[in-house]
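Q: Chains as they are written, first to last, in the numbering used here: chain A, 1 to 587; chain B, 1001 to 1587.
Check before you lean on any hint, since a few could be wrong.
[To be verified] Okay, the calculated bits of chain A under chain B, using three or more residues with CB under 8 angstroms as the criterion:
1) 56 to 63
2) 370 to 384
[To be verified] Capping the alpha-carbon separation at 27 angstroms, the derived lysine-lysine pairs in DSS-like fashion look like this:
3) B:K1372 to B:K1575
4) B:K1291 to A:K372
5) B:K1575 to A:K560
6) A:K372 to A:K400
7) B:K1372 to A:K400
8) B:K1098 to B:K1184
9) B:K1155 to B:K1480
10) B:K1155 to A:K575
11) B:K1400 to B:K1560
12) A:K560 to B:K1560
13) A:K155 to A:K538
14) B:K1560 to A:K575
15) B:K1480 to B:K1538
16) A:K291 to A:K207
17) A:K184 to A:K538
18) A:K400 to B:K1575
19) A:K372 to B:K1372
Source of the hints: derived by calculation from the structure; they are not laboratory data.
As the structure is a prediction and not an experimental result, all values here were calculated from the model.
Every residue gets a Cβ at the ideal spot worked out from N, C-alpha and C, and that includes glycine.
2 protein chains.
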Amino acid sequence: MRIRSIRQIRVLFGLRLNRYQFWKEQEADMRSKYTIGIDFGTESGRALLVDVSDGREVATSVFTYPHGVIDRTLPESGVSLEPDWALQDPDDYIQVLKNVVPAVLAQGGVDSADVIGIGVDFTACTMLPTLADGTPLSYLPAYRDRPHAWTKLWKHHASQPEADRINQLAEERGEPWLELYGGKTSSEWFFAKALQILNEDPEIYHKAERLIEAGDWLVWQLTGRETRNSCMAGYKALWQKGEGFPAPDFFAALHPEMADIVQTRMSEEILPIGHKAGELTPQAAAWMGLKPGIAVAAPVIDAHCTVPSAQATRPGIMVMIMGTSVCHLVVGEERVTAPGMSGVVEDGIVPGYFGYEAGQGATGDIFAWFVKNGVPPEYHQAARERGISLHQLLEEEAAKQRPGEHGLLALDWWNGNRSTLVDAELSGLILGLTLATTAPDIYRALIESTAFGTREIIETLTENGVPVHRIVTAGGMPEKNRLLMQIYADVTNRELGMVRSGQGAALGAAMHGAVAAGVDAGGYADIFTASERMGGVKETVYRPIPENVAVYDRLYADYKRLYDYFGRGENDVMKRLRSLRREVLAG
Amino acid sequence: MRIRSIRQIRVLFGLRLNRYQFWKEQEADMRSKYTIGIDFGTESGRALLVDVSDGREVATSVFTYPHGVIDRTLPESGVSLEPDWALQDPDDYIQVLKNVVPAVLAQGGVDSADVIGIGVDFTACTMLPTLADGTPLSYLPAYRDRPHAWTKLWKHHASQPEADRINQLAEERGEPWLELYGGKTSSEWFFAKALQILNEDPEIYHKAERLIEAGDWLVWQLTGRETRNSCMAGYKALWQKGEGFPAPDFFAALHPEMADIVQTRMSEEILPIGHKAGELTPQAAAWMGLKPGIAVAAPVIDAHCTVPSAQATRPGIMVMIMGTSVCHLVVGEERVTAPGMSGVVEDGIVPGYFGYEAGQGATGDIFAWFVKNGVPPEYHQAARERGISLHQLLEEEAAKQRPGEHGLLALDWWNGNRSTLVDAELSGLILGLTLATTAPDIYRALIESTAFGTREIIETLTENGVPVHRIVTAGGMPEKNRLLMQIYADVTNRELGMVRSGQGAALGAAMHGAVAAGVDAGGYADIFTASERMGGVKETVYRPIPENVAVYDRLYADYKRLYDYFGRGENDVMKRLRSLRREVLAG
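In isolation and in its complexed conformation, chain A is listed as follows:
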C-alpha cells in the first residue's frame, strides 16, 4: 500500500481527533494554493488554473461564445445590423464560467477548497445597458429585438460620428483631459458608445439604469456587488484618479439628456486595479464548482493584465503585445503627456504608478495582408512542399539579408496611424522598389516598418519622461518569428525578451486574484510580489547587434522624415486619396 497523504498516515496510526484536527489544518496550509484567471476575449473565454506559489499553470480550458461576435443580425429576432456594428450576448460570458472553471478543476485534480481567488480580464470597452439589479436589457423580451439593448463589443465601430463629436467638443472647450488621451478619443470608447445609444435609441438609453463595462458586469455577477475598476474607467471612460470623469456640463453640451450619465448610470467609486471587488456568491460558486466567499479581483483590460505576467510592473520595462495590431504598455513615476499615446492612467496598469498605453493600428495584419495579397505562387508552393507556413518561408528568405540590402523603406500605416499621429486617414507606403525587388524583400521591409513605428513610440515616450530600457513581448507573433524579434531589437536598440506564459493575460488575472485573496488566505500582499513569484520571461533574449543598429539608425532617420512629411501636414496626399476614393464610391 502506497501512502498517498497525511490523511492516510493519520488513519494508519489511529491518531486522536484533536490531534487529527490539528493535522488537518496543517495539511491544508501545506497544500498548494491556487487562483483562477478568467480571460474574456473576442471569440471565447478561457480559464487558467495557477499555482499561487510559483505561477505554474496547472490547467486551462477554453469555451467559445455560443453567439460569437454578432455583426449581421440579432439572434432570434433576426433584426439586421448596420455596417461596423459588433455586439455580444452577455449570457455567453456566464456560459464560459459554467464550462471552463469546472473543466480546469477536474483537469488539474485540484480541490476547490484550495482555490483562494479569482481574477478576470476582459476586452474593453465592451459595455452594456442593464437594470439597477444588473439584468442586461437584452435579456428583457421587450428589448430583445433592439440592437442597442445588447452588449457593444470593443470593436463596434459604428460610434465614429459620436467619437468625432466628443473630440470636436473637447477641443473646442479645451478639456484638460484630452491631452492625456493623445488628443483624440476613439469610437471604441465608453462615451461614444453611450452617446450612440442615446442618439439612435433614446428609449433604451432612458430604460438603462446602468451603463457598465462587461468586465465589471461579470464581476458583479460573481460577487453580487456592483463595482467599477480604474483600468477600464481610466483607459476607456476618461476617468482620472482624483479628478474623476469629465464634468456634467461637458456631457450636457454633448447631449442635454446625457448631463447626468455618470451620476445616474455609472459610479464615481472606482476600485484601484486588481483590488478585491468582493467575494464569490453561493450562486456563482455553484456555477463553477468553487467555494463561496473566495476573493474576486476587480477586472482588468486583457492587455494590461499581461504586464505582471511579464514582470514589467516597474518603470523602464515596456510590454509589447503583438498580434494583428500592437499594444505598448509601460509604467512611469509621473503623469506626463506624450503625443499619440492612447492614455495615461494612474493605477491603470499596477497600483501606485502611472500606466501608459500606446499602440500601432496594424502589424500582424500588415504581414497577413501581404501574405494573402502580395506573394506569387512559387513561394506558396515552396512552403507547401516543405510543410511550413508561408510566413515561415518568407521569414527564412528575408533572414538571409543584411539590413539595408533590399533597398526598401515602408510606412506601416495600412490601418492608419494609431500612435503619435492618431490619424486613421493615413495609409501605407513602400518606396525603393526596383525591377529586382522580391516578395521576401517586401516582407522584410514591412517588418522593419512596424519596428520603426515602435521605435517612434518608444522615443516619444522617453523624450517625454517615460523611459523604456527593455522590452518584453507577448502574443503569438514573437514566438513564431525570430527575424521579427531580432529586427525589433536592432531597430529599437533594446533587449527584447518574451513573457514566459503563453497565456499572459489569464496568468495576470490569476495574479490579481491572488492579491485580492491576500496573504492570510495564501495569496500576496501586492501585485509586485505576485508578479515576482508567479510571472517570468523566457530564457531567450534578443540582443541588438551593433552593426545592424548602425544601419537601422540611418534607415530610421529616413523613416522619420517620411513620417513627418506625410503625417504632419506637409503633404496630405494620403488624405486626399482617401477622400477621393470616398467621393468616387459615393458616385
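Given chain A, put chain B in place with the hints provided.
A: Same frame as chain A, now just chain B:
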C-alpha cells in the same frame, strides 16, 4: 491552260520583238513595286516586303541571331565577360540578310526585279571597331578572344564610368551640346563605349581604323560604301547638323589619345535621315537574291523608323513606342531644349524637322515585374482556368474600377527616371496601401503611374515649345491592353491611336527604301509622301472621357508633387537607399 502573266499572252499571240519589248516595259511599269525593310533587333533580324503603292505588307520573315546577346563568355575562346557587358557577332547580321530576304521574296511570290529599294533600321548605339575596309576586328583571329574587339550592343552598360566622366567633363566645361541631350549622356551611347575600349584595351582602340554604328556598318556591307547617318550620329554620338561632333579639345580632355577620334575613326560626312546611302553591290545582291544596283537607304534607329509608319511626320503628333520601356518621339519646327529629353536632332526623325526623343525607363517591365512578383495564386489560377493571361485577368478586374477608387498613387521609377529627371538612382513608390488593397488595385495604379510619367513628358515638351496634340502608339502593349490605352487617353487628355502595322519599324525602313529609290524607280520623292501612302493608323481611337480626365487631373497634381519631392532633391531618400544597399552588398 490558265493564263498566268502578260508573258503568256505575248507567247500565245506571237507578238513581234519590238512590240514585245514595248510590252515588256509597260508590263514592268504596271506591275507593283516593292521595297524591303530590314529590322535589326536585339535578338533577331526581320525582313518585311512591302508594296510601295499602299504599304501593304506582302511577306515577313524573322531570323534569330545564332550568337544572340553575348553576355557571359565569348564564342570559341570562352573568355568570360564582366557584369553589364552585352556583345554581338556582326556576322549574325549578315546571316539575317541571307535568310530573311530570300524568304520574303519566295513567300510573297515577288520577282526580285520589282524590288526597287532597301531600308534598314537598327538598334543603337550598337557599335563596333573595324579595319579601314570594314572588316570587324572580331573577325581577325588575333583579336577574337578580346572582348573589346566585338560589337557592343546598345544594352552594354559596362561603360557607365566612362559616361559619368563624359557628363562630368561636359558640365565642367559648359559644353553647349549637353543641354540638347537633357543634361546627361548615357552609358549606352557611342563615346562612352569608345572610351571604354581605349581605357580597357588600348591596343584594340589603336588597331581600330573605324569605330562605327552597326547600322552604318551593315549598310556599308550592302553598298560597299562607308557612310554615316544623322539619326544615330545625332541621338547617340552628340552630332548636331551644322555644328558637328564635340570638338577635339573636348575629346583630348577626356583622354589624350582620343582627341582625333572623329577625324581618324569616324566621319564628318553625315547623311540626312533616310537619304540614299548607295546601291546594292553584286555580292550583297547575291546574298539576298536581289538585283544589284537597287537603292539602299541610310539606316535609322528602330524606334525612329516607326514615326513615318504612324503618319506622324509633322509636328504635334507624338509616337509612343510601348514595350518594356517607352520611347516618345515627336518632331518640332524649332530647336528648343526641354529638361530630360534624350535628345533633339535636326533631321533626326524626318528631314527638315527637329526630332525630339524622350523616354520612360520602364513601363511594360513594371507590369511584368508585378505579374511575376506581386500577384497571389488565386489570380494565377483564375487566369489559367479561363485560358487567359494574368495580364488580361488583372486588366479585366482593374477595368471594373473608376479612377480614384483604389486610393493608390505610384511613382513609376522601378528602373529609375529616364525622362525629365534623368536619374537612374530613383526608385519605385506606392502609397495609399490599406488592408483592403488588392492585386488589381495595384496593377491599375502602376498603369496609371506610367501614364502620369508620359503626361509629365508631354507637358514638359509642350511648355518648352514642342506641342503634342495627338498620340499614336506602337509596340505590343497597346494592342493587348485596352484599359491601358483608355487610361493614357484620360491621363494625357489626348486622343490615342495605334499604328496600323504590327511591324512599324520595318515598315518605316521600307518607306525609307522607297524614298532612296526615288520617283523614277517607282518610289517616292520624300518620306512625307511615303508616309502618307504607305503608313496608317488603326480605326480604333481612344478618346478622353471628361469625368475621368477631371479625376486624373487631381491625381496628377499629387503625382507631380511626389515627383518633385523625391526627384528634385527635396528628399533624396531613394538615393540614400540605393547607396546603402551598395554599401551593404560590398560588405
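Q: Decide, hint by hint, whether the structure agrees.
A: Each hint tested on the structure:
{"no.": "1", "hint": "56 to 63", "in the structure": "violated (count 0)"}
{"no.": "2", "hint": "370 to 384", "in the structure": "holds (count 7)"}
{"no.": "3", "hint": "B:K1372 to B:K1575", "in the structure": "25 angstroms, holds"}
{"no.": "4", "hint": "B:K1291 to A:K372", "in the structure": "64 angstroms, violated"}
{"no.": "5", "hint": "B:K1575 to A:K560", "in the structure": "16 angstroms, holds"}
{"no.": "6", "hint": "A:K372 to A:K400", "in the structure": "22 angstroms, holds"}
{"no.": "7", "hint": "B:K1372 to A:K400", "in the structure": "21 angstroms, holds"}
{"no.": "8", "hint": "B:K1098 to B:K1184", "in the structure": "39 angstroms, violated"}
{"no.": "9", "hint": "B:K1155 to B:K1480", "in the structure": "26 angstroms, holds"}
{"no.": "10", "hint": "B:K1155 to A:K575", "in the structure": "42 angstroms, violated"}
{"no.": "11", "hint": "B:K1400 to B:K1560", "in the structure": "26 angstroms, holds"}
{"no.": "12", "hint": "A:K560 to B:K1560", "in the structure": "22 angstroms, holds"}
{"no.": "13", "hint": "A:K155 to A:K538", "in the structure": "31 angstroms, violated"}
{"no.": "14", "hint": "B:K1560 to A:K575", "in the structure": "16 angstroms, holds"}
{"no.": "15", "hint": "B:K1480 to B:K1538", "in the structure": "14 angstroms, holds"}
{"no.": "16", "hint": "A:K291 to A:K207", "in the structure": "35 angstroms, violated"}
{"no.": "17", "hint": "A:K184 to A:K538", "in the structure": "36 angstroms, violated"}
{"no.": "18", "hint": "A:K400 to B:K1575", "in the structure": "23 angstroms, holds"}
{"no.": "19", "hint": "A:K372 to B:K1372", "in the structure": "15 angstroms, holds"}
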